[in-house]
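J.: Listed here are the chains, written in short residue letters.
2 protein chains.
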Amino acid sequence: MKGYLALDVGGTKVAAGVVTGDGAVLSRLRIPTRDLRIGGNPLARLIVLGQEALDAAGGRPPAGVGITLPGPVDRRELRMRAAPTIPEFEGLPLAGALEDAFGCPAAGDNDANGCALAEARFGAGRGYSHVVYLTVSTGIGGGIVVDGRVFRGAAGASGEFGHQVLLPEGGPLCDCGNTGCLEALASGRGIAARARLAQANAPEGTAPRWSRADLTAEVVAEAARAGDLLALRVWQETALYLGLGIANAINILDPDVVVLGGGVATGAADLLFPSLREVVSRRCMPSLRRSVPILPTALGADVGLIGAACLAMET
Amino acid sequence: MKGYLALDVGGTKVAAGVVTGDGAVLSRLRIPTRDLRIGGNPLARLIVLGQEALDAAGGRPPAGVGITLPGPVDRRELRMRAAPTIPEFEGLPLAGALEDAFGCPAAGDNDANGCALAEARFGAGRGYSHVVYLTVSTGIGGGIVVDGRVFRGAAGASGEFGHQVLLPEGGPLCDCGNTGCLEALASGRGIAARARLAQANAPEGTAPRWSRADLTAEVVAEAARAGDLLALRVWQETALYLGLGIANAINILDPDVVVLGGGVATGAADLLFPSLREVVSRRCMPSLRRSVPILPTALGADVGLIGAACLAMET
Numbered sequence: 045m046k047g048y049l050a051l052d053v054g055g056t057k058v059a060a061g062v063v064t065g066d067g068a069v070l071s072r073l074r075i076p077t078r079d080l081r082i083g084g085n086p087l088a089r090l091i092v093l094g095q096e097a098l099d100a101a102g103g104r105p106p107a108g109v110g111i112t113l114p115g116p117v118d119r120r121e122l123r124m125r126a127a128p129t130i131p132e133f134e135g136l137p138l139a140g141a142l143e144d145a146f147g148c149p150a151a152g153d154n155d156a157n158g159c160a161l162a163e164a165r166f167g168a169g170r171g172y173s174h175v176v177y178l179t180v181s182t183g184i185g186g187g188i189v190v191d192g193r194v195f196r197g198a199a200g201a202s203g204e205f206g207h208q209v210l211l212p213e214g215g216p217l218c219d220c221g222n223t224g225c226l227e228a229l230a231s232g233r234g235i236a237a238r239a240r241l242a243q244a245n246a247p248e249g250t251a252p253r254w255s256r257a258d259l260t261a262e263v264v265a266e267a268a269r270a271g272d273l274l275a276l277r278v279w280q281e282t283a284l285y286l287g288l289g290i291a292n293a294i295n296i297l298d299p300d301v302v303v304l305g306g307g308v309a310t311g312a313a314d315l316l317f318p319s320l321r322e323v324v325s326r327r328c329m330p331s332l333r334r335s336v337p338i339l340p341t342a343l344g345a346d347v348g349l350i351g352a353a354c355l356a357m358e359t
Numbered sequence: 045m046k047g048y049l050a051l052d053v054g055g056t057k058v059a060a061g062v063v064t065g066d067g068a069v070l071s072r073l074r075i076p077t078r079d080l081r082i083g084g085n086p087l088a089r090l091i092v093l094g095q096e097a098l099d100a101a102g103g104r105p106p107a108g109v110g111i112t113l114p115g116p117v118d119r120r121e122l123r124m125r126a127a128p129t130i131p132e133f134e135g136l137p138l139a140g141a142l143e144d145a146f147g148c149p150a151a152g153d154n155d156a157n158g159c160a161l162a163e164a165r166f167g168a169g170r171g172y173s174h175v176v177y178l179t180v181s182t183g184i185g186g187g188i189v190v191d192g193r194v195f196r197g198a199a200g201a202s203g204e205f206g207h208q209v210l211l212p213e214g215g216p217l218c219d220c221g222n223t224g225c226l227e228a229l230a231s232g233r234g235i236a237a238r239a240r241l242a243q244a245n246a247p248e249g250t251a252p253r254w255s256r257a258d259l260t261a262e263v264v265a266e267a268a269r270a271g272d273l274l275a276l277r278v279w280q281e282t283a284l285y286l287g288l289g290i291a292n293a294i295n296i297l298d299p300d301v302v303v304l305g306g307g308v309a310t311g312a313a314d315l316l317f318p319s320l321r322e323v324v325s326r327r328c329m330p331s332l333r334r335s336v337p338i339l340p341t342a343l344g345a346d347v348g349l350i351g352a353a354c355l356a357m358e359t
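Sequence order for the protein chains is A and B. Using my numbering, count along the first sequence one by one with no gaps and you end on 359. Using my numbering, count along the second sequence one by one with no gaps and you end on 359.
Treat the hints as calculated values from the structure; they're not laboratory data. Hints are not guaranteed to be accurate.
[Claimed, not checked] Pairwise CB distance ranges (calculated):
id	chain 1	residue 1	chain 2	residue 2	range
1	B	Pro149	A	Pro337	31 to 41 angstroms
2	B	Asp66	A	Gln95	50 to 60 angstroms
3	B	Ala342	A	Arg326	34 to 44 angstroms
Note that the Cβ used here is the ideal one computed from N, Cα and C, for glycine as well.
So that you can see chain A by itself, here it is in the shape it has in the complex (with noise of 0.2 angstroms):
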């Protein structure tokens, strides 16, 4: 069986593995973001990363090289265009780089589209042939896969269903400088400042008290299982701006099943997915509302080192 190498760099961890044509995962190693910069550089040491995570799955050279990136990417030369969380890497050419020093084919691509594929190849979208997948954890991204190959659109910036304008008149203002996206209402800095909003203008005495300064949506959500009802609210509407955000995409693109990952999303799950699918089947087009499923990931923490190993097997 092939490996390999599989190389996912997000804004917080990096972890590096060697991956088989069949999504099994044969190692895996994580350090922090941060600590890329040790030695001063990042690149450098993510080579350096990928081949102990070659040791440890036997020492056999892989038969690509793949990597997810936190932002969008220049495919042909693995340039990221934009970095905010790794701006080391923004403008630098990895292609190369990987290529020569682990012999092989390099691929890669932004996380969310690296996700996408794994979910649809390995995860909860496997034996679906149109698969959306959308992430919700501090922002909101997502990728669009057919025929086992993501639909990357003209400029390979298809999938941006979190800066879906869902209120066109005011809303919060979104980090895309546009107001009322669907990532500036329900991604987890969208839920924690709904709820900040929501605290603010409660009656004396009826809201939570919940320290403003680190309100997160975990916060919200444990309120909510406490049975808060001003939190429960907050999750309400999450899921109906979420469900909504779900049903424009379905009635855009017709896929045959909708994944539905990131930090949020999992840690919300129970709060989020049947009041979710409800919207969702009350909201779509009822031609469409048929049963498109919506599952939540399944692949856990190794989805991006699978999405980059699917990257890698996409070439």
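Position chain B relative to chain A; hints supplied.
T.: Chain B only, in chain A's frame:
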């Protein structure tokens, strides 16, 4: 040059013609849809019309026959799954009858996908690889063409741009049963309904004296061109809703070009295009804003015929 027999069946008009492989229309005949019923067998009458179109182009046997239909189509047997405007065709398999009558392969799809293909191959989308087509008339439909082929989704129901929900809470009721859809807001009927509402809510003496019963998007367009402020506001809102719908489609699909057709968009192009382009450039993901041109259709009244021929060429 091979000729394709094209049949464009609409809710009010039916056209038949011969179209060459490079999109030139060699013959065209048009009758009202209700005249298909004369004689009691609409399919037989349609076949006669097709034969007349072939005769008018010189009588050579066609390389294929293509048909566009006003509703969702099961493409294998060319069976309309729903046909509100031509109930005689609902559930009737057309492929066998057309193949037998004309001695060539038959292909077809709903009209939006046909028009999308025609504009992508021979119209405003020519030379672009990823084309999004929206039609704004009585309703709002659309199609997606990638590398010269319709992107149909899992069940042939992609491109329902009109049923994006733009108003999460409230908003007018849509024909699909949902509320707040783009179609309910910005189709011909949606525009007339909003104008009627604006008229009803305007202070005494300030609203134009439209007859509420006959109010159409065209009447509102004429009033706007004459400087009526209420009508101008209705068109500005229409451009906002359509612009957001197009921005969302760009965010999800990342096309090279958006082509906008249909009676309402074409008839009020002067009122729509400038503000609509401004909305898209303001409300799209910054990385996608770049320069997606938003163009009016280029094929005029022949778009349906050329679309039907394109479907025949696609097989």
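J.: Each of the hints needs a verdict: does it hold here or not?
T.: Now the hints, each set against the structure:
{"no.": "1", "hint": "B/Pro149 - A/Pro337: 31 to 41 angstroms", "result": "holds, 35 angstroms"}
{"no.": "2", "hint": "B/Asp66 - A/Gln95: 50 to 60 angstroms", "result": "holds, 56 angstroms"}
{"no.": "3", "hint": "B/Ala342 - A/Arg326: 34 to 44 angstroms", "result": "holds, 39 angstroms"}
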